[in-house]
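Asks: Here are the chains, one letter per residue:
Protein chains: 2
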Amino acid sequence: MLENITAAKLKKMTLKELIALCEEARELITQTVLKNGGHLSSNLGMVELTVALHYVFDFPEDKLIFDVGHQCYTHKLLTGRYEKFDTIRQKNGISGFPKREESPFDCYDTGHAGTSVSAALGIAKARDVKGEKFNVIAVIGDGSFNNGLIYEAFNSLRLLNTNILIILNDNGMSIAPTVGSMHEYLEILSEDMAHKQKVDRHAKIFERFGFGYDGVYDGNDLEAMITRLTEIKERIKNESVILHVITKKGKGYAFCEDDPEATHGISNSTVKSTEYSQVLGKTLTRLAEKNEKIVAVTAAMTSSLGLAGFFEKYPNRSVDVGICEEHATILCASMATAGLKPYYAVYSTFLQRSFDEIIIDICEQNLPVTLCVDRAGISGADGETHQGVFDLSFLSFIPNLTVAVPKDINEFEKMIEFSESFNAPLAIRYPRDGKRLFGNSTDIVHGKWEKLIEGDGKYAVLACGERALTQAYVGVNALEEVGIRVSVINARFVKPLDTDMLDKLREKFIITVEDNMLAGGFGSLVNGYFGGSKVVKSFAYADAFIPQGGVAELMEERGVSGKAIAEYVKSNENR
Amino acid sequence: MLENITAAKLKKMTLKELIALCEEARELITQTVLKNGGHLSSNLGMVELTVALHYVFDFPEDKLIFDVGHQCYTHKLLTGRYEKFDTIRQKNGISGFPKREESPFDCYDTGHAGTSVSAALGIAKARDVKGEKFNVIAVIGDGSFNNGLIYEAFNSLRLLNTNILIILNDNGMSIAPTVGSMHEYLEILSEDMAHKQKVDRHAKIFERFGFGYDGVYDGNDLEAMITRLTEIKERIKNESVILHVITKKGKGYAFCEDDPEATHGISNSTVKSTEYSQVLGKTLTRLAEKNEKIVAVTAAMTSSLGLAGFFEKYPNRSVDVGICEEHATILCASMATAGLKPYYAVYSTFLQRSFDEIIIDICEQNLPVTLCVDRAGISGADGETHQGVFDLSFLSFIPNLTVAVPKDINEFEKMIEFSESFNAPLAIRYPRDGKRLFGNSTDIVHGKWEKLIEGDGKYAVLACGERALTQAYVGVNALEEVGIRVSVINARFVKPLDTDMLDKLREKFIITVEDNMLAGGFGSLVNGYFGGSKVVKSFAYADAFIPQGGVAELMEERGVSGKAIAEYVKSNENR
Chain F
1 MLENITAAKL
11 KKMTLKELIA
21 LCEEARELIT
31 QTVLKNGGHL
41 SSNLGMVELT
51 VALHYVFDFP
61 EDKLIFDVGH
71 QCYTHKLLTG
81 RYEKFDTIRQ
91 KNGISGFPKR
101 EESPFDCYDT
111 GHAGTSVSAA
121 LGIAKARDVK
131 GEKFNVIAVI
141 GDGSFNNGLI
151 YEAFNSLRLL
161 NTNILIILND
171 NGMSIAPTVG
181 SMHEYLEILS
191 EDMAHKQKVD
201 RHAKIFERFG
211 FGYDGVYDGN
221 DLEAMITRLT
231 EIKERIKNES
241 VILHVITKKG
251 KGYAFCEDDP
261 EATHGISNST
271 VKSTEYSQVL
281 GKTLTRLAEK
291 NEKIVAVTAA
301 MTSSLGLAGF
311 FEKYPNRSVD
321 VGICEEHATI
331 LCASMATAGL
341 KPYYAVYSTF
351 LQRSFDEIII
361 DICEQNLPVT
371 LCVDRAGISG
381 ADGETHQGVF
391 DLSFLSFIPN
401 LTVAVPKDIN
411 EFEKMIEFSE
421 SFNAPLAIRY
431 PRDGKRLFGN
441 STDIVHGKWE
451 KLIEGDGKYA
461 VLACGERALT
471 QAYVGVNALE
481 EVGIRVSVIN
491 ARFVKPLDTD
501 MLDKLREKFI
511 ITVEDNMLAG
521 GFGSLVNGYF
531 GGSKVVKSFA
541 YADAFIPQGG
551 VAELMEERGV
561 SGKAIAEYVK
571 SNENR
Chain D
1 MLENITAAKL
11 KKMTLKELIA
21 LCEEARELIT
31 QTVLKNGGHL
41 SSNLGMVELT
51 VALHYVFDFP
61 EDKLIFDVGH
71 QCYTHKLLTG
81 RYEKFDTIRQ
91 KNGISGFPKR
101 EESPFDCYDT
111 GHAGTSVSAA
121 LGIAKARDVK
131 GEKFNVIAVI
141 GDGSFNNGLI
151 YEAFNSLRLL
161 NTNILIILND
171 NGMSIAPTVG
181 SMHEYLEILS
191 EDMAHKQKVD
201 RHAKIFERFG
211 FGYDGVYDGN
221 DLEAMITRLT
231 EIKERIKNES
241 VILHVITKKG
251 KGYAFCEDDP
261 EATHGISNST
271 VKSTEYSQVL
281 GKTLTRLAEK
291 NEKIVAVTAA
301 MTSSLGLAGF
311 FEKYPNRSVD
321 VGICEEHATI
331 LCASMATAGL
341 KPYYAVYSTF
351 LQRSFDEIII
361 DICEQNLPVT
371 LCVDRAGISG
381 ADGETHQGVF
391 DLSFLSFIPN
401 LTVAVPKDIN
411 EFEKMIEFSE
421 SFNAPLAIRY
431 PRDGKRLFGN
441 STDIVHGKWE
451 KLIEGDGKYA
461 VLACGERALT
471 QAYVGVNALE
481 EVGIRVSVIN
491 ARFVKPLDTD
501 MLDKLREKFI
511 ITVEDNMLAG
521 GFGSLVNGYF
531 GGSKVVKSFA
541 YADAFIPQGG
551 VAELMEERGV
561 SGKAIAEYVK
571 SNENR
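So the protein lines, in turn, are chains F and D.
Under the working numbering, read the first sequence as residues 1 to 575, first letter to last.
Under the working numbering, read the second sequence as residues 1 to 575, first letter to last.
I should point out that these hints are in silico values taken from the structure, not numbers from a laboratory.
Some hints could be false.
Repeated chains share a single entry, so a pair holds when one copy, or any two copies, can fit it.
What the hints assert, rightly or not - In silico BS3-like links for lysine-lysine, alpha-carbon gap of 30 Å or less:
1) LYS293 <-> LYS233
2) LYS508 <-> LYS133
3) LYS448 <-> LYS534
4) LYS458 <-> LYS534
5) LYS133 <-> LYS9
6) LYS563 <-> LYS451
7) LYS282 <-> LYS237
8) LYS458 <-> LYS537
9) LYS130 <-> LYS293
10) LYS563 <-> LYS16
11) LYS130 <-> LYS11
12) LYS414 <-> LYS313
13) LYS448 <-> LYS537
14) LYS534 <-> LYS237
15) LYS293 <-> LYS237
16) LYS504 <-> LYS534
17) LYS130 <-> LYS282
18) LYS290 <-> LYS133
19) LYS508 <-> LYS570
20) LYS293 <-> LYS35
21) LYS537 <-> LYS237
22) LYS570 <-> LYS293
23) LYS237 <-> LYS313
24) LYS508 <-> LYS458
From just these sequences and the hints, can you work out the full model?
Replies: What follows is the structure in structure tokens.
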């Protein structure tokens, strides 16, 4: 039935047919995600609710915004993307997130948590200003509900004087189980459903902010959802409403229901290399045995960051604050003022949320906080909103901050050891997967690089990080075949630059390689240092958002590749 | 009595003596702020509460954190900074904000809103981990209470399982009157004080998050404050408490009490030039007459941004969301998806809070939102936490974003007009004060610069913004006196660069000037473009936080000056 589904057809279906449609969607999503990777359990939980929304509301005239956006697969199947569904998250395929350019049914792009209520309010306000009439609905999970943006949005509801519907999709999970007082509060509300009680007293927090509250209902009960949404569709003509539903993450797929954290995001990678995150966890756990000042802070993704073991072993020195990246950053800064040694582990893309606090709280106070910046560089199938390609650019101009980029897993271990006694702000950025490429690493000295290959004096490649160095070697090896010996330098600190080594370089042509934007990145710093006294050619990403795809294919396509390096040198030789 | 005050002396004073001490502090603060500039009304409101805190608690063993920090003047007077108080906010003087390096009584540097509760929790958590005993107190205004960070911190209280005291200093104002639902809620609580009722039911929001609540009290009543704090000092051994007090902003100084918004921050500038913000307000108000799609969004500082007139004329197309910079940014993005033309006006330093949303919500969706980035460059007496010297660096690597820097007030007007029909993300950055230096501006063409002086072909100065161009002219005029004619270019777009003009430059030596950090700034982009094919010398700020001082003196000291430019060229000639 999914194959040629349209809104008109869906609205004419019987309940029985709609339930069959849900099963078909569930089956297709499961098959596709197991093949392509993606978000499985959150999408399985959302099937009935999505079908009910499309049955009751009129999209795209009405507007539907998915918080974070990874739970939109059923929505995509119902809105003309059945044919392309097997391309989801693949290069040139459809996105795993809502994309305005992909369909008029996707009215707002999301990717980072907590933005949907603000976006719904903005769209509703614009509707009112323009004198239009349509419904605006935000679907948000309880994990995102921890983010401060929600509070800011709630706080402005009366100011904006507009009506929206928020569907709080409560499954007790973000990527990890949801934590925090708001979550506990939601649990109290949910218990009432089990006891079939309607307890308006519990809704007070939401009502304080001007929302009507309706809950708690079973979001996997299609008939109930259709009934509720039909009623609420009338109600939101006069007020904003929060509809609180419970869904089962991974609904209908036993493996997911049992382990929703493991099946939140499924990777389709076939090569199993070491993950940097595991090494972070092991090393930090080892150091913390002797050093009681070490504490670890995360924002809702402890396992993915490799810190589950640390948290288990040192519960008193571990904090997962939920999806509250700014708060997590200040916790680290303040714990450092009080003599602890905090490590904040976070994905590069989500570190963007802490930008102001890195400047004001950590670096202005020159505090010994270590930022463990995971999933740096191109992150792959999640696409534009998840690429970690900005961090070198946004960290490198912050005073007092040191930015380190390990050349492989071994050096990463050494860097974590180095960080223990480093008494100032430090960011270490690394990708997900890595290898022990270079054997034992030499000891880390602050701001000092390492020459790996001595060339014949005309070209030097300066590369930071495992991916960049790997491409550097590909290029250098190809050049060696044609008789050009190029120096290779492991630029393991991007800030400060190793100016001693730069001053000594006899090479006239400097090549930089990095898994980051060109503007403001490593190459721009090297180029800035020389100021025209040497030719600097930088291999980095041009000024564009980078869509989904495989890491290797995207790096090659974007010109950060050994092939491109070799070609540049050859063409330079022939000029 | 203030002159040689110590904690020991203060604790032995009678109530009558303490009240006299308060009056002395109030008098001194008023005199000093009227001379040096600074935050007057918020400090006058805080005198009694601060004295009571020092009477009851034992600093610096106990820790006192001021949210934003501008209300710390009495605290400074009581903690060894009486002698230097007349240097407050002046170059090499004491800071107008708490600074750890200034005094052990300042335990956490603040400057941006909403960080104090997170910081207090972090310090308390560290205390617990280390098995120490002391009290941790955050003093926070109701304006900061709107920020999402507060919610994130509240949400983690039970997780962290620690005890702090939050003093909610409720004066109904941030810089502008406080807005939003939380504020309305606080007003309900405050009304109870007027009626001498204790209404525990109202405290429920705070209790949901695990805080005990005690309020509402008159924070300007010294005796009452001492009594309450003495009681609460015992209570916070067992739980975290929010003490809700009402203070009168500008207490004791009629001018302030009548107009607390105007006296929130007082400037000591003697030269009265035009403010860019006024021109923003006038121009946008004019354009909005014919263009009904124009909406303006601010985060708690509408007047300082020049938009009071716009808000008055177009209440339905104006939103001040309170100190919620992230939410404000998403509101703009989402209103743009729905066909409006949003302008978000904000100080450069506070735009840092929106960094992630600029990338993900505005630029990834390529939406026509205009960021009006006020107080860009060195902002002066507020010091490190308020300098707007990072924006060119953190905006210039974001895809789809155009970054414009007007050369004077006239060109700023033209740029706002240009922005109206510009259908993509745009940031316009400008300082507070400006002039109509250049007469009528030529029309703005996207990405196109303007040659102002044609030199003799050896040197070209590329300067962005009024301050940089002013220094460029100072340098170029000095050089003309020694017979060197230097080209001058108004680089009014920092992104994209005018590569046509760059390609045509016959000059071998390129000089860039900007009121921004060197790393990642305008000069680094120009240098990156040439990649070594020309000598590029950049005048910009080196890798350090910039403390308080006058704009001109700091620019000169930091080497962004006409003098430095002239010296560089002369020494280059003599080599």
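Asks: Next step is simple, just say for each hint if it's right about the structure.
Replies: Hint check:
| no. | hint | result |
| --- | --- | --- |
| 1 | LYS293 <-> LYS233 | between (54 Å within a copy, 28 Å between copies) |
| 2 | LYS508 <-> LYS133 | neither (65 Å within a copy, 61 Å between copies) |
| 3 | LYS448 <-> LYS534 | both (21 Å within a copy, 28 Å between copies) |
| 4 | LYS458 <-> LYS534 | both (11 Å within a copy, 19 Å between copies) |
| 5 | LYS133 <-> LYS9 | within (24 Å within a copy, 67 Å between copies) |
| 6 | LYS563 <-> LYS451 | within (21 Å within a copy, 40 Å between copies) |
| 7 | LYS282 <-> LYS237 | neither (55 Å within a copy, 36 Å between copies) |
| 8 | LYS458 <-> LYS537 | both (13 Å within a copy, 25 Å between copies) |
| 9 | LYS130 <-> LYS293 | between (57 Å within a copy, 8 Å between copies) |
| 10 | LYS563 <-> LYS16 | neither (57 Å within a copy, 81 Å between copies) |
| 11 | LYS130 <-> LYS11 | within (29 Å within a copy, 62 Å between copies) |
| 12 | LYS414 <-> LYS313 | within (22 Å within a copy, 61 Å between copies) |
| 13 | LYS448 <-> LYS537 | both (22 Å within a copy, 25 Å between copies) |
| 14 | LYS534 <-> LYS237 | neither (66 Å within a copy, 64 Å between copies) |
| 15 | LYS293 <-> LYS237 | between (55 Å within a copy, 24 Å between copies) |
| 16 | LYS504 <-> LYS534 | both (12 Å within a copy, 21 Å between copies) |
| 17 | LYS130 <-> LYS282 | between (56 Å within a copy, 23 Å between copies) |
| 18 | LYS290 <-> LYS133 | between (64 Å within a copy, 23 Å between copies) |
| 19 | LYS508 <-> LYS570 | both (15 Å within a copy, 27 Å between copies) |
| 20 | LYS293 <-> LYS35 | neither (44 Å within a copy, 46 Å between copies) |
| 21 | LYS537 <-> LYS237 | neither (59 Å within a copy, 61 Å between copies) |
| 22 | LYS570 <-> LYS293 | neither (52 Å within a copy, 54 Å between copies) |
| 23 | LYS237 <-> LYS313 | between (52 Å within a copy, 28 Å between copies) |
| 24 | LYS508 <-> LYS458 | both (6 Å within a copy, 24 Å between copies) |
In summary, the structure is inconsistent with hints 2, 7, 10, 14, 20, 21, 22 from the numbered list given earlier, while agreeing with the others.
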